[in-house]
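Taken in order, these protein sequences are the chains called S and E. Per the numbering used here, the first sequence starts with residue 1, numbered consecutively. Per the numbering used here, the second sequence starts with residue 1, numbered consecutively.
Please keep in mind that the hints were generated in silico from the structure rather than gathered at the bench. Glycine is no exception: its CB is placed at the ideal position from the N, C-alpha and C atoms. Do not take every clue at face value.
Here are the computed lysine-lysine pairs in the BS3-like style, where the Cα-Cα straight-line distance is at most 30 angstroms [unchecked claim]:
| hint | chain 1 | residue 1 | chain 2 | residue 2 |
| --- | --- | --- | --- | --- |
| 1 | E | K232 | S | K102 |
| 2 | E | K324 | S | K163 |
| 3 | E | K349 | E | K208 |
| 4 | E | K37 | E | K349 |
| 5 | E | K324 | S | K159 |
| 6 | S | K102 | E | K349 |
| 7 | S | K102 | E | K208 |
| 8 | E | K84 | S | K159 |
| 9 | S | K102 | E | K84 |
Simulated restraints on C-beta separations [unchecked claim]:
| hint | chain 1 | residue 1 | chain 2 | residue 2 | range |
| --- | --- | --- | --- | --- | --- |
| 10 | E | V39 | S | P162 | 18 to 28 angstroms |
| 11 | E | A129 | S | G154 | 29 to 39 angstroms |
| 12 | E | T27 | S | T138 | 20 to 30 angstroms |
| 13 | S | P162 | E | D163 | 39 to 49 angstroms |
| 14 | S | Q164 | E | G122 | 47 to 57 angstroms |
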Amino acid sequence: MPRLSPEELRERMARDLPGAVLEATPLRVAPPPAHGPQPAPFVTTDTVVAAERIVEAALYLRDTLGYAFLSDIAVVDYLADGVFELVYRFYTIEGGDGLVLKVRVPREAPEVPSLTPYWPGANLHEREAFDLFGIIFTDHPYLRRIYMWDEFEGWPMRKDFPKQGDKYIGADE
Amino acid sequence: MFKTEELQINIGPQHPSTHGVFRMLVTVDGETIIDLKPVFGYLHRNHEQIAEQNTYLQNMPYTDRLDYFNSMANNQAYAMAVEKLAGIEVPERAEYIRVLMVELTRILNHAGALGFLINDMGMWQTQLAFGMREREKILDLFEMASGARMMCNYFRFGGVVRDLPPEFMPKLKELLVAMPAFVDELERLLRENEILMQRAEGIGVLPKELALAYSVTGPVLRGSGVPYDIRKAEPYSVYDRFDFDIPVGSVGDVYDRFLVRIEEMRQSKRIIEQIVEQLPDARGGHINPKARQNVRPPVGDAYARIESPKGELGFYLVSDGSAKPYRYKVRAPSFINLAPLGDMCRGYKVADVVVILGSIDIVMGEVDR
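Construct the entire structure; sequences and hints are all you get.
Take a look at the structure:
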């Protein structure tokens, strides 16, 4: 069975889920330096989906196209553009290349519908994303910190998290 | 009338059977488990954040520390991700050496994992010592090739750090002759063993559909009867040249996972035998001489995954064109395989938790990152 390319996926989703696929605008991976060569913008070839329709799109991949295996959810902090990008990775158990869905949410209000009600395996991925980046997954049954302790303040994987200093419990006592 | 009450108990974080510092919050009704919540983070060091402060090459020894049993497999996944990002080609001979090392790692990991599983069942030390004895022989080979026994740091972008020493191949062939006897011995000791049957058969059942929904990989998924192995499903490196089978279980209990691991050791040995045959004809050296180690990949992202002994190990890298990764994400198999632990343990006794956890085969260095 031939696997889909990202272009074919976008074509199909434009037909079956109108309005779900967004245009993949280039992102800046770093703030522009004061002098020297400017870094190239990052243009993704993967499919960017509207945040509020990720559940619909993921279920379309699972039920219609057979990509039932949700392998990974990664978060990337694009500080210069003020967005978080969530990277969902789907595979089929027959084998072959996977498909990638990307979701962009603003850094001020990072809210994404949760996939945990449909894939129990998304639970730990989403809790990790919440813990380290502060992404709020609506409808998640147990959205609590997973690595850091519950009283910890801040999101340690964000690009603007201070890399130095005495951030530990009791530091202000 | 006799009445029981629900009770919450802690297993861990300091407990010899949790394979590190791992805590399970168990709700029990009498001896029966109603609910189990894993609690992570006692070994958390923000690996990904630290990796973003390092250059690409500096991260190579750091990946060793993820799953410290299988440093070679971690190295391969990371090297593949960077090579994909930077467009570095790997010579044929280097690919063979890489696969050889990772398959040796698989045997080593399963020998250790089975030993610890049996240990957790109460058959104290004997089988663990058997597994560790074989592991030592493989570690000797690693030491010969890389200079280190556990934190090998052997892979480089475009190949491996140095070629195999001349005394490596005779030692490897010796090991291959002795290997079947060891695996057969382990199986003969355990297959019909009364203690193992009582503690493993029908315990910790993970049905096929649930295993898929939970995204588990590796021997846990194959034990549940899904023949999914990335070496076959999406062949990377030179795996498409080898003839090997993927063992699968039928029920998905602890016993099936045990049998899958035994059989995988045999299949790994088959692959190594084919490597020994094909390696002298492989083209190229141990490393691509044009490959720069201080890479500055172009802006972009890449994801590479391998079938590590514990499951799908993937690295997601985003480059901003500088010498350090902009984002470095590890898809750790031990971590994801823990997701169904609650469902696997529900309805069984407290003593079974230890065995079920042992059958998933976790390493906390990878779970907590």
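Cross-check of the supplied hints:
About 27 angstroms separates the Cα atoms of K232 of chain E and K102 of chain S, which keeps this hinted pair within 30 angstroms; it holds. Between K324 of chain E and K163 of chain S, the direct Cα distance comes to roughly 16 angstroms. Compliance with the 30 angstroms bound is thereby established for this hinted pair. Our distance criterion of 30 angstroms between C-alpha atoms is met by K349 of chain E and K208 of chain E, whose separation comes to about 22 angstroms. Between K37 of chain E and K349 of chain E the alpha-carbon distance is near 15 angstroms, which keeps this suggested pair within the 30 angstroms criterion.
Our distance criterion of 30 angstroms between C-alpha atoms is met by K324 of chain E and K159 of chain S, whose separation comes to about 14 angstroms. Annotation: proposed proximity of K102 of chain S to K349 of chain E is violated, straight-line Cα distance about 42 angstroms (limit 30 angstroms). Restraint check for K102 of chain S and K208 of chain E: the C-alpha separation of about 28 angstroms stays at or below 30 angstroms, so the hint holds. About 25 angstroms separates the Cα atoms of K84 of chain E and K159 of chain S, which keeps this hinted pair within 30 angstroms; it holds.
Of the pairs offered as hints, the one joining K102 of chain S and K84 of chain E holds, with about 20 angstroms between alpha carbons and a cut-off of 30 angstroms not exceeded. One distance hint, 18 to 28 angstroms for the beta-carbon pair V39 of chain E and P162 of chain S, holds here, with the actual separation near 27 angstroms. Taking the beta carbon of each, A129 of chain E and G154 of chain S are about 47 angstroms apart, not inside 29 to 39 angstroms as hinted. For T27 of chain E paired with T138 of chain S, a C-beta distance near 27 angstroms keeps the hint of 20 to 30 angstroms intact.
Evaluation of the 39 to 49 angstroms hint for P162 of chain S and D163 of chain E yields a pass: the beta carbon distance comes to about 45 angstroms. Checking the proposed 47 to 57 angstroms range against Q164 of chain S and G122 of chain E shows it holds: the Cβ atoms sit about 48 angstroms from each other.
When each numbered hint is compared with the structure, violations occur for hints 6, 11.
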